[in-house]
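Participant: Sequence:
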Amino acid sequence: MTKRSLIRRATAAAAAATGALVLAACGGNGNDSGAAHTGHNATTPSASASAPARQGEHNAADVTFAQGMIPHHQQAIEMADLAATRAESAEVKKLADEIKKAQDPEIKTLSGWLTSWGEQVPADGEGHSGHDMSGMMTAEEMKQLESSSGKAFDTAFLKLMVKHHEGAVAMAKSEQSEGAYQPAKDMAAAIITSQSAEIARMNALLDKS
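According to mature numbering (1 follows the signal peptide of the UniProt record, and there is no 0), the residues represented by the sequence shown are -24 to -1, 1 to 185, in order.
Source of the hints: derived by calculation from the structure; they are not laboratory data. From a predicted model like this one, the values you see are computed outputs, not experimental measurements. Keep in mind that the hints are not guaranteed to be accurate.
Straight-line distance between alpha carbons at most 27 Å, and here's what the computed DSSO-like set of lysine-lysine pairs gives [to be verified]:
no.	residue 1	residue 2
1	Lys84	Lys139
2	Lys70	Lys139
3	Lys84	Lys127
4	Lys119	Lys161
5	Lys149	Lys139
6	Lys77	Lys135
7	Lys184	Lys84
8	Lys149	Lys76
9	Lys76	Lys184
10	Lys161	Lys77
11	Lys127	Lys149
The following label-pair restraints were derived from C-beta to C-beta distances [as the list claims (entries may be wrong)]:
no.	residue 1	residue 2	range
12	Ala165	Lys139	27 to 33 Å
13	Ser92	Ala180	38 to 44 Å
14	Ser150	Ala176	37 to 43 Å
15	Thr169	Thr40	18 to 24 Å
16	Glu122	Arg177	41 to 47 Å
17	Glu122	Ser153	16 to 22 Å
18	Glu142	Ala36	32 to 38 Å
19	Ser150	Glu116	22 to 28 Å
20	Glu142	Glu67	27 to 33 Å
21	Thr91	Thr131	38 to 44 Å
22	Ser185	Gly94	14 to 20 Å
Just so it is clear, CB atoms sit at the ideal spot from N, CA and C, and this is done for glycine as well.
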């Protein structure tokens, strides 16, 4: 009985020790796994959330730029449309056509950004109400342009469009310095480059007239 009792006790002790080791191992794995899992969860969502946030990050300056540039471009296109039937200079007509081709796609892009941001997209034709923006024509100036033709139109168009472009360049520079959305800042840079070049062309045409 004594030997059997000792054997039983030894077996029980061994089993208990083995069980304790198993539990410790499982507990350790569970803790390690939990820590790793928790760490993984903490990292993955933030990484996945920060990636689109970086791509779509925008601020109030970006919204102002988009909402201001849309009617600004719309008015420039309206002015350019007049050149097709009123301008005398082939160079003025060519410039007007280039302005339309450049700015119409930008309006679509700007509108798409505002929609994706949940912001209001200016309605077509709001250019007349936005004459307080930099370089915008007043309703009276637009009427004067509409009523002119030939060389008088060419001169008025060039002078007004220089002023209009200068306003767009100023708006684009503000976006570059204050905006956060990289595609908008890239567009602003393109506007500064292209419209500054067009201002130089228009001033050269004015010098000839």
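Participant: Confirm or reject each hint.
Facilitator: Evaluation of the provided hints:
no., hint, verdict
1, Lys84 to Lys139, "holds (23 Å)"
2, Lys70 to Lys139, "holds (19 Å)"
3, Lys84 to Lys127, "violated (33 Å)"
4, Lys119 to Lys161, "violated (33 Å)"
5, Lys149 to Lys139, "holds (16 Å)"
6, Lys77 to Lys135, "holds (20 Å)"
7, Lys184 to Lys84, "violated (35 Å)"
8, Lys149 to Lys76, "holds (21 Å)"
9, Lys76 to Lys184, "holds (24 Å)"
10, Lys161 to Lys77, "holds (20 Å)"
11, Lys127 to Lys149, "violated (33 Å)"
12, Ala165 to Lys139: 27 to 33 Å, "violated (21 Å)"
13, Ser92 to Ala180: 38 to 44 Å, "holds (40 Å)"
14, Ser150 to Ala176: 37 to 43 Å, "violated (21 Å)"
15, Thr169 to Thr40: 18 to 24 Å, "holds (21 Å)"
16, Glu122 to Arg177: 41 to 47 Å, "violated (23 Å)"
17, Glu122 to Ser153: 16 to 22 Å, "violated (36 Å)"
18, Glu142 to Ala36: 32 to 38 Å, "violated (24 Å)"
19, Ser150 to Glu116: 22 to 28 Å, "holds (27 Å)"
20, Glu142 to Glu67: 27 to 33 Å, "violated (20 Å)"
21, Thr91 to Thr131: 38 to 44 Å, "holds (39 Å)"
22, Ser185 to Gly94: 14 to 20 Å, "violated (47 Å)"
Hint check: violations occur at hints 3, 4, 7, 11, 12, 14, 16, 17, 18, 20 and 22; the rest are consistent with the structure.
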